[in-house]
Every structure is written in structure tokens, then in C-alpha cells.
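Build out the structure end to end from the sequences listed, making use of the hints.
Start counting at 1 in the sequence shown, then tack on 1, and there's your number in the working numbering.
I should point out that these hints are in silico values taken from the structure, not numbers from a laboratory.
The beta carbon of each residue, even a glycine, is placed where N, CA and C say it ideally should be.
A few of these clues could be false.
What the hints assert, rightly or not - Each computed EDC-like pair below joins lysine to aspartate or glutamate, with the alpha-carbon atoms no more than 20 Å apart:
no.	residue 1	residue 2
1	Lys242	Asp274
2	Lys240	Glu308
3	Lys168	Asp102
4	Lys25	Asp4
5	Lys148	Asp26
6	Lys187	Glu205
7	Lys242	Asp126
8	Lys137	Asp4
9	Lys304	Asp271
10	Lys300	Glu335
11	Lys25	Glu139
12	Lys58	Asp4
13	Lys137	Asp126
14	Lys311	Glu257
15	Lys53	Asp4
16	Lys123	Asp147
17	Lys236	Asp147
18	Lys261	Glu335
19	Lys261	Glu334
20	Lys140	Asp126
21	Lys158	Asp120
Claimed, not checked - Label-pair ranges, simulated between beta-carbon atoms:
no.	residue 1	residue 2	range
22	Ile132	Tyr182	49 to 55 Å
23	Thr165	Glu233	47 to 53 Å
24	Gln179	Ser207	29 to 35 Å
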Amino acid sequence: MADIFISHSVHDHKLASTLVSFLKDAIGVPAASIFCSSLPGHDIPLTVDFNKYMKDKISNPKLVIALMTPSYMESWFCLMELGAAWSQSHKTLPIVVPPTDFSVVTKTHGLTQAWNIEDHNKLIDLRQVIIELGIKLEKRIEHDWDKKRTQWKTDSKRLINKLTPAKNVSQFEHQKLQQKYSELEKEHDILVELNAEQSNEIEEISKLKDKGELKAHRRNTKGNNLEEELNELIKPISKIKPTWMNASFFIDIIMEHYSKPNSINWYDSDIKDMVERAIQSNFRDSDAPHNVIWSGKLKPLRKALMEIDKFANEEDLSHLDCNIDPTDRDFWEEHL
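See below:
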């Protein structure tokens, strides 16, 4: 009777073969003590009944090693072997092989401690488990152990990368792929629409006769977009204003960015309270003339204002119906 039963998918026979070689050559497990159905010398003899032989072999091993690869998790026969080991309370070592998720261990084998095959530090724990089970071992020297362990690291990594991928995906993965597909479809539709717009634009431009017509065309087609872009740049600024600060006081702060500060009327109790609150909140300096502190909480405001300045300088906004000069207080009273 074999002491160690290797439960594996036939698709993973190369990885199973490498594991068996490690057990024999590195740890010293005798060949006769290992059953692995896909390997010559460790497999099922001719003329015997396959199912009965497999049932006999898994009836009383000292250790069942399960190579839990994607192919293994999709094989009903492999899961049946795992169930048989569990039902007979056999000592079982689940070896989780990526991309199989570690959660499958708790789903199939409860709280049994498993080994991630990529954690090579666990090789010494594997040897210790086999020794503690009382399996009679052939003598191996430490040099054999070190050499075979190094070879295992190289061979197992190569074989894991070549494993047969899963044919099925989980419901969760399927839903993720469906969502991704829907997003790509929407992106595709947008790109098709943009391409159509660009084609129409090229066709319209090709009909123009001179630079004057081209300039007028660009002004007409770009105007609405420019106004939308300007409004998008202004939106974040209105969100920066604290709830305790009124719009007029906030615009006073903005105008200091354009070197147009408003004098503080200390005789107005509301303004006085606002200034004192701004000083306490580190929006304004505590020393006269109580300049705006741009390096702290108002750093996002300064950055947003600079974006608007850049936009106003680079684009021709003269054809827009709204106030287009951010250095003008009326501009901010209109937009905030």
C-alpha cells in the first residue's frame, strides 16, 4: 500500500512528475511508497479495474497531496478524490498552485493548512510532515537536499507558467468581464461618434476658400466648447469657499491673486468678524495688512486660478457672450 497518494489532474502530469521526483530524490521517499496515477512506475497496472484500484489506493494512505491547479478544480474526478480523503479523515496537504485562489482551500477542505507552491520556504515543512508521519525514508545527505531544492524552485516555476488554463470562470469573474465589455462597448461608441464628427469637420474645412472663412468656422464650432471648458474650470473654485464665508469676502481673496486687494472696513462688524475668522483659519496673515496665505489651505484655489489664467491667455474668448476677464471683479460676481 502506497504511503503517499498524489491527487492531481492528468493535465498537470509534468508538475506531478516533478513533485514525485522531489519526494524521492530530495526527501528519500521510496518509489513504492508513492502512488501517482499518471506516472509510469507509480500508476495503475494493466488489466486492473481503474475505479476499484483508485478506490483501494486512496483507502488508507498516510498522506494525500492535492495539486490544486485550475485544471484540478474543474475535474469532477479530482474533487471526488479530495472528497474521499476528507470523508476518511486522511492527512491531507492541499498545494495551491496559482492562479488558483487560496480561498478554494476553505471551500473544499475547511481549516486545513495549505501550502502555496510558490512559497519555497515550505519545502522544509513538507519534509518534516513526511518524517513525522513515520514514512520509512531512504538516506539522503544534505547536499542532495540543497541541490534538489534549488532544482525544484527552477522547474516548478517553469511548469506553473505552462499549466493548462481554466476552461471556465467563476460567476464573479464573468460579471467583471461583462462589465468590462460593456465599458469597452460604450468607449467604442464614443470613439465612433468622435470619428464621425472629425470626418464631418474635415469635410467642412475642405470646402472653405480662405483663412478668413477658416477662422470664422473655428470660432463658430469651438465657441460652445470653450464656454463649457471655462465653466468646468470655475466649478472647483466655488467648492473651495468655506460655508462660513460669504461670496463677496471670497471674491476679495480671489482679487488678491490678481494684485487687486480690497481694503478691510474694520467699522463693519460683519467684515471684521469675517476677517478674524479668516485669520484664525489660516486664510489670512495675522499681521497687517492681513495678506492672503496662499501656501496653506488656499493652495488649491491658487492652482485653480492659475489654470483659468492659462486658459484665458491661450484661447481666443472674444466671441463669447459672457465676461471673459478673470482679473475683473465683475467676472467672478457673474460666475460664482
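Quick one, are Lys261 and Glu334 close enough, alpha carbons at most 20 Å? 15 Å, holds
Is the hinted pair Lys123 and Asp147 satisfied, with a Cα-Cα distance of at most 20 Å? The hint holds at about 14 Å.
Lys311 paired with Glu257 [C-alpha distance capped at 20 Å]: Between Lys311 and Glu257 the Cα gap is close to 17 Å, so the pair holds against 20 Å.
Could you grab the alpha-carbon distance between Lys58 and Asp4 and see if it respects the 20 Å cut-off? 9 Å, holds
Straight-line Cα separation of Lys148 and Asp26 no greater than 20 Å? Satisfied, since the Cα-Cα distance of roughly 10 Å is no more than 20 Å.
Could you grab the alpha-carbon distance between Lys236 and Asp147 and see if it respects the 20 Å cut-off? 65 Å, violated
Given hint Glu205 paired with Lys187 - CA-CA distance at most 20 Å: 27 Å, violated
Is the hinted pair Lys53 and Asp4 satisfied, with a Cα-Cα distance of at most 20 Å? 18 Å, holds
Measure nothing beyond the straight line between the CA atoms of Lys300 and Glu335; if it is 20 Å or shorter, mark the hint as holding. 23 Å, violated
Restraint status (C-alpha distance of Lys137 to Asp126 at most 20 Å): The given pair, whose Cα atoms are some 17 Å apart, holds under the 20 Å limit.
Is it true that the CA of Lys137 sits at most 20 Å from the CA of Asp4? 9 Å, holds
Check whether the Cα positions of Lys168 and Asp102 lie no farther apart than 20 Å. 16 Å, holds
When the structure is compared with the earlier hints, violations turn up for hints 6, 7, 9, 10, 17, 24 and for no others.
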